[in-house]
Amino acid sequence: MALLVPMYQTMKNLKELIIESFISLTLNKTRTSLAVLGIVIGIGSVIALISLGQSSQAAIQSQIQSLGSNLLTVSPGSATQGSVRGAPGGVTTLTLADATAIKTSPNITTIKNISPEVSKRSQIVTSSANTNSQVIGVLPIYSEVHKVELQIGNFISETDDQLMSRVAVVGPNVATTLFGDDSAIGKTIRINGQALIIVGVTTSKGGTGFNNTDDYVYVPLSTAQKVLFGQTYLNSIALEATDADVMTQAQDEVGYLLLERHRLDDPTKADFSIFSQQDILNTASSVTGTFTTLLSGVAAISLIVGGIGIMNIMLVTVTERTREIGLRKALGAKKKTIITQFLAESIILTFSGGIIGIIFGIIASFIYSQVSQSAFIISPLSVLLAFFVSTAIGVIFGWYPARQAANKEPIEALRYE
Amino acid sequence: MQKDLLQVSHISKKYQNSSVTTVALDDITFTIKQGEFVTIMGPSGSGKSTLMHILGALDKPTSGDYILDGHRVNDLSDDELSEIRNQKIGFIFQAYNLLPRTSALKNVMLPMSYAGVPEDIRLEKAKKLLELVGLSDRLYHTSNQLSGGQQQRVAIARSLSMDPSIILADEPTGNIASNQAEEIMGIFQSLNKSGRTIIMITHEPDIAAHSKRIITIKDGLISSDVPNNEKLKGINY
Chain D
648 MALLVPMYQT MKNLKELIIE SFISLTLNKT RTSLAVLGIV IGIGSVIALI SLGQSSQAAI
708 QSQIQSLGSN LLTVSPGSAT QGSVRGAPGG VTTLTLADAT AIKTSPNITT IKNISPEVSK
768 RSQIVTSSAN TNSQVIGVLP IYSEVHKVEL QIGNFISETD DQLMSRVAVV GPNVATTLFG
828 DDSAIGKTIR INGQALIIVG VTTSKGGTGF NNTDDYVYVP LSTAQKVLFG QTYLNSIALE
888 ATDADVMTQA QDEVGYLLLE RHRLDDPTKA DFSIFSQQDI LNTASSVTGT FTTLLSGVAA
948 ISLIVGGIGI MNIMLVTVTE RTREIGLRKA LGAKKKTIIT QFLAESIILT FSGGIIGIIF
1008 GIIASFIYSQ VSQSAFIISP LSVLLAFFVS TAIGVIFGWY PARQAANKEP IEALRYE
Chain V
10 MQKDLLQVSH ISKKYQNSSV TTVALDDITF TIKQGEFVTI MGPSGSGKST LMHILGALDK
70 PTSGDYILDG HRVNDLSDDE LSEIRNQKIG FIFQAYNLLP RTSALKNVML PMSYAGVPED
130 IRLEKAKKLL ELVGLSDRLY HTSNQLSGGQ QQRVAIARSL SMDPSIILAD EPTGNIASNQ
190 AEEIMGIFQS LNKSGRTIIM ITHEPDIAAH SKRIITIKDG LISSDVPNNE KLKGINY
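Heads up: the sequence lines are chains D and V, in that order. Numbers 648 to 1064, taken from my numbering, label the letters of the first sequence in order. Numbers 10 to 246, taken from my numbering, label the letters of the second sequence in order.
A couple of the hints might just be wrong.
Derived lysine-lysine pairs resembling DSS-like cross-links, with alpha carbons at most 25 Å apart [as the list claims (entries may be wrong)]:
hint	chain 1	residue 1	chain 2	residue 2
1	D	Lys873	D	Lys834
2	V	Lys202	V	Lys137
3	D	Lys981	V	Lys69
4	D	Lys982	V	Lys69
5	D	Lys662	D	Lys750
6	V	Lys12	V	Lys69
7	V	Lys134	D	Lys659
8	D	Lys662	V	Lys134
9	D	Lys983	V	Lys69
10	V	Lys136	D	Lys659
11	V	Lys202	V	Lys136
12	D	Lys794	D	Lys750
13	D	Lys981	V	Lys134
14	D	Lys662	V	Lys136
15	V	Lys202	D	Lys659
Hints listed in this document are in silico derivations from the structure and should not be mistaken for laboratory results.
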């Protein structure tokens, strides 16, 4: 009880302090709102950019997860000739024989499914329309490894591959682009001058951006290699491990086998690379993470500039109110009292700027998520951080002006006109 | 005999300005007892404002001792000076120096809030004091809504709010019309009758005539220190 009375008194004083600060801040509305604007923009952009970063990270994650979580991809690397390293993907040493070897080798114990793939961007042409798509030569196992589902028709079959059939399965975007609302099944498309008949349309995975599986066109592997592109090598081999826990072991097993087959004794000179989905996920996350950090850094700089604006305004206020400060000191205000008064004003400035900035930031992220059809994510942590940071800016940039005010000599201040 | 409230012994104030040293006060000594009503007179530039600042604990003398109600002012820190001013001195300024855009009531409450007086007591006392100076119908008027005389009456109420030992008035009637000046002097005299010690600085002889003792300063020195026996016409500076 004894403690409650002074606490109640402190609360009352605090309320009085806040009211008084508000009154003096509203005396010069234009100046106050311009000073606050700096903080609003700073906090707003930090909130919006963090949200943007998080939603794009989430989008990438869900996209990559949907492609299969215990997936390894062998891709051709760069050949090293002496000390000259070629471009990645430039070698043609990855072949169907490698894929078969992985399947049959007794040393490989952790691989369940193997999907050799050829892929190339090509123009897809019909009599009335055309589009540019990733054309992928596949074996039937592809649909299992990459979790491809069909909304209509069938996927590439074993027979299709054996007979080098001129058939294709298209993604829903390709079907819509080429045929509109008509059914694509049975229609003919041309790739590199070769006519293929559509036998199936895949279900939408709803991906966005550059590697959208809804834009793919699938053809039998043999058709792709011999009829369409005339290449004997593979562009990648997808491997499905028996379990997500054995990924590292699988990576090692396949790696050693391929090194041996390609007659390379130095693993650093490997002409292929093996990625897991986790690796791709990590790379993609680190890229978006870097971007988010970079953009937030720029926003943070604007926040510092905003803080300097606050300091500037507070210094002007202190000079303008020299007489008032002198009077207050003459009437018994101690340094602490004056510092508290001016700090309260600068904190109220930055704190209200912070709140408005948070609101604007959330609105901006919401609009972005609606426009780009991505997830709307606001982490409570970034909001909490914004509250904390805006208050801290008030203290940091308000401290110097407040000290200037407190150190004024009462007579100098009273003489000031 | 009343006790000595304020002892000034051999104080000097010098201002150093690059090569020139200006002597504003030179070896001033006097004592003011409780209950006195003293006027300090002098032409502008005589050093009376400097003396007022030192008496009001707003400034410290370069040398000499100033003892205010038992406290040696020379020895105090800035914050201690603030506290002394708050507790012992009620200031009244020529330009009133009220907080702008702030109600009469809030202005009177200000020194009490620095002393940590609870709000309800502050409010009650401020109302009582504004009533005393005849402004009970102007409690919520802000400074700019009041006439010069009314503002000075608010300042008087404010100066009384901490029940100070001394009222220190610097040209209290300098900015107001003469009929209102008479009212202000009337308040001063009744305050003095009820036992308040008042030190007033002025250069107007008719205003000084309301006090009981006149100290005249000239060129930083006391040129005369006489009881005021009504006739002031003889004083000539």
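Check your understanding: Which earlier hints can't be squared with this structure?
Key -> 5, 15
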